[in-house]
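Taken in order, these protein sequences are the chains called A and B.
Last residue of the first sequence? That's 236 in full-length UniProt numbering, and every number before it is there in order.
Last residue of the second sequence? That's 375 in full-length UniProt numbering, and every number before it is there in order.
Honestly, the hints are just simulated from the structure, not real lab data.
Where a beta carbon is used, it is the ideal one built from N, C-alpha and C, also for glycine.
Just so you know, nobody snuck in bad clues.
One side only, chain B facing chain A, incomplete, derived with CB under 7 angstroms:
id: 1; residue: F5
id: 2; residue: I312
id: 3; residue: C313
id: 4; residue: L314
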Amino acid sequence: MKISIGDVVLPGDYCEEISQVAEKSKVIIGPGLRKEVDRVYITKPGVLKKRNPGTFWVDSYQKRYVPSRGENVIGVVVQKAGDIFRVEIGGSITAALSYLSFEGATKKNRPEVQVGDVVYAKMLVASKDMEPELVCVDSHGKKGRLGVLSDGFVFKCSLNLIRKILNPNCPLLETLKNEWPFEVAAGMNGRIWIKANSMRETIAVGNAILGAEYLNDEEIRSMCNNIAAILAGHVS
Amino acid sequence: MKEVFLSNCEKSFIQKIISEGHRLDGRNYNDSRKLSITFGSGYGSCIVSLGETRILAQVSCEVVQPKQIRPNEGILYINVEISPMAAPQFEANRQTDLTVYLNRLLEKCYKDSKCIDLESLCIVVEEKVWSLRVDIKVLNHDGNLIECASIATLASLAHFKRPDVTRSGENVIIHTLAEKDPIPTVLYHYPVCSTFAIFSNNILISDPSFIEESVCTSNSEEGNINGGLLVVGMNQYKELCLLNLSGAAIYNTNIAHRATLSAADKCKTIVDLIKKTIIDDDNLRQKRAKINFGDIITSNHLQSLSRKDLSICLKNFDVKEQMLQNDTADVMDVEISMEPSKYDVVQSLPQTAELKAKKGASSWIEISSESEEED
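Model the full structure from these sequences, guided by the hints.
What follows is the structure, encoded as structure tokens:
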């Protein structure tokens, strides 16, 4: 069966369309695709997607995180080992976070990070043969929004859900932000940190985010209104 | 086994909401997650799911020599396996403390409570007895493995039937299922374990999820003694068969009493459910209906997309109600824009199906093929 863009694909399938495009111009193949001799094979089950001019990838459902450079992730500090903190980010191994990579940190002025703290950090090194490395500052040495997240609650979800809520077109956070105040940090590794004024409101944010996974834009809006009504006590 | 790391904020959040009278998934303290029991094609195999926790149990039997001290009794053997499929922190083919703990608890609950008539498993005294082996495999770990495993063990044992035997002189003939109807296992009573997580030494939470379990046991490790897991095994006559406390010591005398009271009602409903599903299953089998795990896997697959229960949920949030509203809305949309499917699902080999292009139902395919021929 011939495979075209938008089809459901399975590992082992190959796509001739990519090879044809590649003859004329440069092609970028993303996750789930692999070049083997003269064909492009699919390595993940999912939906084949394309972005013009020549970027192809497979959109698959996944929970396991594979580190990639430049992504913002949420991790838990599991160990203090000399100069670095080991941070569990849900990948195959823990990531390293140097104590000098915090804003204003010097050898004498160490940041206050305890084992068990949740950090929001940027992936600096993500090579497949090396330990991933995180930083909590940008290139100007400013922390921006990165750093230790205190209080609140952290939960796990699928990587697809993270991409969905971070999509600028997604109405979820747009709708929720008008209902009640809260803070949220979404890590590309499938972790979300949320904090609101009360416990109930925090749970409500988590509920809305997890509930949005398989809903379309219209359903998400109605669900947000529903949750807001429950929170306000209109629905018993 | 790799350790599961809990962040401080998760711990404090869970403790806070529980002390405020809420739970993360919107349940009340005494509510259990949804329990479902499904039987496989053979006798004595079942999958039990308790919320997202899922366990497969399989009973098998063989003829062995009895133990010297008990020459007229059969043997019951329970084996628990936890693979990386259950949760990523487990290693394959490695005994962990958790497997040993589960194994011992189930043995206590089913062997030591003498719920099975082992003497009926005897064929020839001192020579041949039936040995029943229960294999428990954890398919998914989302807390409360003990309760789920005990329900799976009980359901599979109650469902299991061993082949009939006849003795003619020295010979023992084991009949196949086709020759003679198999014999069900005799159970005197039906013990079921239920788990309670103890928070701040006076709050009892039934059917704890994975995160609640870890928060409650991690408390006690840090010397901050106020949490623990209490396992209560009880049968349908409200007789206590097993009591196990892991984690901290309880100094509130009230707790064990409250737990047993709450477990009594719970065990009764669970045993009733097990009996009812076995009777239903028997009726289906007599009608020669096909029963296998294939059904639940496909139906659960669809349900998992609509996500009936969320791990974080408000108390009054009703996913189903909302889904229903959406469903009705969807149905109307679908009816307008629905076009006949191009494919038929056809049964080919047993337990498989294949997609075949419908003939005539869709004109689109034929036209396109004609146009190709013209080219």
